[in-house]
Amino acid sequence: MAAEKTSPGLVEVEKTSPEVSGMGHRMKRKEDSRFLQGRGNYVDDVNLPHMVYGQMVRSPYAHARIKSINTEAAKKLPGVLAIITGEDLAKANLAWMPTLFFDKQMVLATGKVLFQAQEVAFVVAEDRYIAADAAELVEVEYEELPVLVDPYKATDPASPILREDREEKSNHIFHWEVGDKAATDKAFADAAVKSKVHAISQRCHPAPLETCGCVADYNKATERFTIYLTSQAPHAHRTLFALVAGLPEQNIRVVSPDIGGGFGNKVPIYPGYVCAVVASLTLGVPVKWIETRSENLQSTGFARDYHMTAELAADKDGKIKAMRVKTLADHGAFNAAAQPTKFPAGLFSVCTGSYDYPAAFCEVDGVYTNKAPGGIAYRCSFRITEAAYLIERAVDVLALDLKMDPAELRRKNFIQPEKFPYATPLGWTYDSGNYEGALNKALEMVGYKELRKEQEEKRKKGELMGIGISSFTEAVGAGPAHAFDIAGIKMFDSAEIRIHPTGKAICRMGTKSQGQGHETTYAQIVAQELGIPAKDVIIEEGDTDTAPYGLGTYASRSTPTSGAATAMAARKIRDKARKIAAFLLEASEEDLIWEPGKFSVKGAPGKAKTIQEIAFAAYTNIPPGLEAGLEAINYYDPPNLTFPFGTYISVVDIDKGTGEVKVRKFVAVDDCGNVINPMIVEGQIHGGLTEGLAIAFMQEIGYDENGNVSGGTFMDYLVPTAVETPHWDTGLTCTPSPHHPFGAKGVGESPNVGSPAAFVNSVVDALSHLGVKHIDMPITPWKVWNILKDKGLTG
Amino acid sequence: MAKKELIHVKINGKDREAPAEPRLLLVHFIREQLGFTGTHVGCDTSNCGACTVILNGRSVKSCTVFAVQADGGEIMTVEGLPSNGALHPLQEGFKEEHGLQCGFCTPGMLMSSYALLQKNPTPSEEEIRWGISGNLCRCTGYQNIVKAVQYASKKMAQGGK
Amino acid sequence: MAVTIEKTFRVGEPADKVWAILSDPKKVALCVPGAQITEQVDDKTYKGAIKVKVGPSVTDFKGEVQVVRLDEHAHEIEILGKGQDVRGKGSASMKMTGKLRNVDGGTEVVSTSELNVVGILAQMGARVITEVSNIMFEQFVNNFKKQLQSPEEMNAEAAKPISGVGLAFSALKASFSRHDDKSDSSAESDSGKK
Numbered sequence: 001m002a003a004e005k006t007s008p009g010l011v012e013v014e015k016t017s018p019e020v021s022g023m024g025h026r027m028k029r030k031e032d033s034r035f036l037q038g039r040g041n042y043v044d045d046v047n048l049p050h051m052v053y054g055q056m057v058r059s060p061y062a063h064a065r066i067k068s069i070n071t072e073a074a075k076k077l078p079g080v081l082a083i084i085t086g087e088d089l090a091k092a093n094l095a096w097m098p099t100l101f102f103d104k105q106m107v108l109a110t111g112k113v114l115f116q117a118q119e120v121a122f123v124v125a126e127d128r129y130i131a132a133d134a135a136e137l138v139e140v141e142y143e144e145l146p147v148l149v150d151p152y153k154a155t156d157p158a159s160p161i162l163r164e165d166r167e168e169k170s171n172h173i174f175h176w177e178v179g180d181k182a183a184t185d186k187a188f189a190d191a192a193v194k195s196k197v198h199a200i201s202q203r204c205h206p207a208p209l210e211t212c213g214c215v216a217d218y219n220k221a222t223e224r225f226t227i228y229l230t231s232q233a234p235h236a237h238r239t240l241f242a243l244v245a246g247l248p249e250q251n252i253r254v255v256s257p258d259i260g261g262g263f264g265n266k267v268p269i270y271p272g273y274v275c276a277v278v279a280s281l282t283l284g285v286p287v288k289w290i291e292t293r294s295e296n297l298q299s300t301g302f303a304r305d306y307h308m309t310a311e312l313a314a315d316k317d318g319k320i321k322a323m324r325v326k327t328l329a330d331h332g333a334f335n336a337a338a339q340p341t342k343f344p345a346g347l348f349s350v351c352t353g354s355y356d357y358p359a360a361f362c363e364v365d366g367v368y369t370n371k372a373p374g375g376i377a378y379r380c381s382f383r384i385t386e387a388a389y390l391i392e393r394a395v396d397v398l399a400l401d402l403k404m405d406p407a408e409l410r411r412k413n414f415i416q417p418e419k420f421p422y423a424t425p426l427g428w429t430y431d432s433g434n435y436e437g438a439l440n441k442a443l444e445m446v447g448y449k450e451l452r453k454e455q456e457e458k459r460k461k462g463e464l465m466g467i468g469i470s471s472f473t474e475a476v477g478a479g480p481a482h483a484f485d486i487a488g489i490k491m492f493d494s495a496e497i498r499i500h501p502t503g504k505a506i507c508r509m510g511t512k513s514q515g516q517g518h519e520t521t522y523a524q525i526v527a528q529e530l531g532i533p534a535k536d537v538i539i540e541e542g543d544t545d546t547a548p549y550g551l552g553t554y555a556s557r558s559t560p561t562s563g564a565a566t567a568m569a570a571r572k573i574r575d576k577a578r579k580i581a582a583f584l585l586e587a588s589e590e591d592l593i594w595e596p597g598k599f600s601v602k603g604a605p606g607k608a609k610t611i612q613e614i615a616f617a618a619y620t621n622i623p624p625g626l627e628a629g630l631e632a633i634n635y636y637d638p639p640n641l642t643f644p645f646g647t648y649i650s651v652v653d654i655d656k657g658t659g660e661v662k663v664r665k666f667v668a669v670d671d672c673g674n675v676i677n678p679m680i681v682e683g684q685i686h687g688g689l690t691e692g693l694a695i696a697f698m699q700e701i702g703y704d705e706n707g708n709v710s711g712g713t714f715m716d717y718l719v720p721t722a723v724e725t726p727h728w729d730t731g732l733t734c735t736p737s738p739h740h741p742f743g744a745k746g747v748g749e750s751p752n753v754g755s756p757a758a759f760v761n762s763v764v765d766a767l768s769h770l771g772v773k774h775i776d777m778p779i780t781p782w783k784v785w786n787i788l789k790d791k792g793l794t795g
Numbered sequence: 001m002a003k004k005e006l007i008h009v010k011i012n013g014k015d016r017e018a019p020a021e022p023r024l025l026l027v028h029f030i031r032e033q034l035g036f037t038g039t040h041v042g043c044d045t046s047n048c049g050a051c052t053v054i055l056n057g058r059s060v061k062s063c064t065v066f067a068v069q070a071d072g073g074e075i076m077t078v079e080g081l082p083s084n085g086a087l088h089p090l091q092e093g094f095k096e097e098h099g100l101q102c103g104f105c106t107p108g109m110l111m112s113s114y115a116l117l118q119k120n121p122t123p124s125e126e127e128i129r130w131g132i133s134g135n136l137c138r139c140t141g142y143q144n145i146v147k148a149v150q151y152a153s154k155k156m157a158q159g160g161k
Numbered sequence: 001m002a003v004t005i006e007k008t009f010r011v012g013e014p015a016d017k018v019w020a021i022l023s024d025p026k027k028v029a030l031c032v033p034g035a036q037i038t039e040q041v042d043d044k045t046y047k048g049a050i051k052v053k054v055g056p057s058v059t060d061f062k063g064e065v066q067v068v069r070l071d072e073h074a075h076e077i078e079i080l081g082k083g084q085d086v087r088g089k090g091s092a093s094m095k096m097t098g099k100l101r102n103v104d105g106g107t108e109v110v111s112t113s114e115l116n117v118v119g120i121l122a123q124m125g126a127r128v129i130t131e132v133s134n135i136m137f138e139q140f141v142n143n144f145k146k147q148l149q150s151p152e153e154m155n156a157e158a159a160k161p162i163s164g165v166g167l168a169f170s171a172l173k174a175s176f177s178r179h180d181d182k183s184d185s186s187a188e189s190d191s192g193k194k
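Protein chains in written order, with this note's numbering: chain A, 1 to 795; chain B, 1 to 161; chain C, 1 to 194.
Chain A with its partners taken away, still in its complex shape (with noise of 0.2 angstroms):
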């Protein structure tokens, strides 16, 4: 699937040959063996002597205090070593901790539970079944406080104020505004067209296959702290748990070992970490903790929550002229947002999408209701999905008000290629783009002419299919040390690489792969720029006494940063082979050409050494005045974020009998800028539309009126099986990020930020000639057959 050049001259990428396996090449994954064999090492794999085992006792109640605790049976059985509550933890200072958004959560509850699954009591014992038993034979006596579950009743005054350990009692959090409100305002005045939607983005969770967990180790001897983590960030995990716990950060080591997806999921930390940490700095012995998949779904990060309003302002030939949006979020019991500290709603102000135009306003205002905590950056930027969801829709409500198609309302509106750098009206400066060619791309690869025609004949016969497009623009890699820290650590990326004497090389990254295929990528950013063979590279991550310090991997950053940053560390090597070359080949340093892999002097071909032949030189045959060895290490700051993006069309039917949604086809089209590998690109756009696929149609964490959880276990949250997946096409563009060192942006979450827009798009458009302009999701086969029923539609 070769990519179409679009903006050709921008950041040129020429490619290796196949034996060095550089940038563009379809290189088999080098650590699939492992997995294949079943010799993954993930943290539950982790064994060490002496090793027991933690269990939560957790809340029943959404919202109660605590009145006892009552551990003395459970203490009494046989095997239990330990069991810590909020009240010991209290002691050291341990009760609580800092959430990565300027709150702090409970560890574990003193005084009262605010979310149903809180964790409550922390149980040691020799064996996991031990653990559990007398997890059940912990005695808590509640005393049920009225629940609040509803973001909008957040701030009634007959609502129960939650936060007690706030100064300020009121369970609002934020509120957050950005643009020009009075050009805003004045535009919609003057506008000729107004359309509104009230979009919300539902709560739903990542899920990764594997659930969180840790193997805390604690070594008397050595005074040494080793953490096997599931961690997305190791580094930052390493210095929190020294602020935090009052640990020297030197002794502390965080090993992220192989990780079974991650998702957003695995970047806060969590209070099993830390009572994992406490019971094993008590008893002495390593403590595993890993959570069961109904912990995972019922308290750990949880995504969206955003209850959105939006308006577009256009004139009557469908040119926008302002958006304003207004947000509600609801962050749980305590805002324990994944997010840089500037950005209290994220990256959400990318709302105003792809398209051009002079003014916008947002408000954003966070709120604490009885829920588990969060909200983390699900497989996409901080809030990215939320904005490009309500934007997509937002445009398609308009195209309905003004009876346009939704694809040329998009063409009349996009930004144009020579617009770029292009300042959006929320403050964004979009580095490149070619919205239209990947929209073009999208329409000829799914028919969309022929398919219009096709539904015209079959609302005829009242036959239900509908069209949904989705031209999306993201907000990646994060980011830019003036802008971007998170607790405080700028959010710059690393990379450290060594060349042995033999011309192979050991290159380590501050970011940590659950399983976007680092240790493949990477090599083949090296072997691109040194030519060195991509098999010779060995690439690592995720040990923090090794690795160079980064921020981890989320919010599609890797490329962006640490891709960066190897690439200039890289060229840093270049420049001092340059310096061994002249002197192996007698010629100054400006007479000699680069290629992948050999320099040779201008001239004379013949006269040229390879960079393993300079390799094994600067350790055996060193120039005078340059030191032995051949290694650099670069930490990237980006000058901007990447902003990668499509167009992705999705087709359905309607069965009017049940309400379901079959998706018939599905087009997708990214442009991500210079692609390092092909393979790797497509099996993230596989895996991202399939999880865009469930949010749109059958994922919801939701909550009733007192606060139990639903969908709190894989029977009730559902992820989708290869019966329900569809057949993805996809398809790329490229257009290269002009400040990146090898033109590219980043791509695994575009997916999940684009598809569930598309489709919502399709079904709408399935039902929008009956007056339906639109349905939240999840859309079920239930939602669907009650607006059908009400239409007297159903079979």
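Possibly wrong hints are sitting among the right ones.
[Stated by the list, open to error] Pulled a few chain C residues facing chain A out of the computed Cβ check, cut under 8 angstroms: (1) Met1; (2) Ala49; (3) Lys89; (4) Ala122; (5) Gln123; (6) Gly125.
These aren't lab readings, by the way, just hints derived from the structure by calculation.
Positions of the beta carbon are idealized from the N, C-alpha and C atoms, including for glycine.
Once you have looked at the hints, place chains B and C on chain A.
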């Protein structure tokens, strides 16, 4: 805690025995008592299939079988996929077709695919999708897994076992 | 999680005999599987306990039962029950009304319950709660009829709690099938509503 019994199994071709209390799940027995950590636990309601192994010739979710039920039986886990020194055609197919990303569902997926191909050596795409519908994957969207199974089916038909 | 359950059943005895049992919470408790009245606080209020097993999950509720309304003339009773699990797994509250009607050959008992469950049990969903309630009600009816026929035997011991495993299987089976079982000849009808 109830009295432990000594459970005897033949696992991946080797005779092994280890103690198990009556309620010990087979998946824990395999992972902890017998030391084969390739089989994974992904849920607590028997939905995800990450724990799939072959027991007495049939694919089972080992989280929903007690170790004592496997006493005297024969188990194959991903570590025991027949290979003649190289990779099994299924493992080769998953690598060639990029049928895995994080790798967590992969052992279970391989065992279900193995069982499928034993029963139906030339499945259609629909049959493959139904055949692996007991195995959840969050990373791949299944498309390349289907291709991997088709690859293996073709190779095994050509005599590569 | 709020669930409304309406049940109707018939017995061969006259209304007065039925009312004698139905209006006495101590006697009614003897018929509810796993339940017992432990103390009478005043003429309207009682302390009680009920043990409910769903699969391996055991919940021991301890709480209060209050007779809110007792109409001897119209044969109507309204009861409010509230309980908390002793180990802190959740709570439940119930408002139940019972009405008697003379019919050919005996008495018809109509009961409406609004049940609210909070905690672990609630996570199993309204489906399971309704089915568990259905099964408990079936047992209750059988025990109730036995008491009507031979009251001396019932006084001896409280009704045993229903078997956990059996209950779970029945609940699962029932929630999957289009279920219309009429397990004995007396007309029983119900409508389980959410």
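Outcome of the hint check:
Evaluation of the Met1 (chain C) hint against chain A yields a held restraint, the C-beta minimum of about 5 angstroms falling below 8 angstroms. Taken as an interface hint, Ala49 (chain C) does not check out: its beta carbon lies about 15 angstroms from the nearest beta carbon of chain A, beyond 8 angstroms. Of the supplied interface hints, the one on Lys89 (chain C) holds, with its beta-carbon coming within about 5 angstroms of a beta-carbon of chain A, less than 8 angstroms. The interface hint given for Ala122 (chain C) holds, since its Cβ lies 4 angstroms from the closest Cβ of chain A, which is under the 8 angstroms cut-off.
Checking Gln123 (chain C) against chain A by beta carbon gives a least distance of about 5 angstroms; that is within 8 angstroms, so the hint holds. Using the Cβ-Cβ criterion of 8 angstroms, the hint placing Gly125 (chain C) at the interface with chain A is satisfied: the shortest such distance is roughly 7 angstroms.
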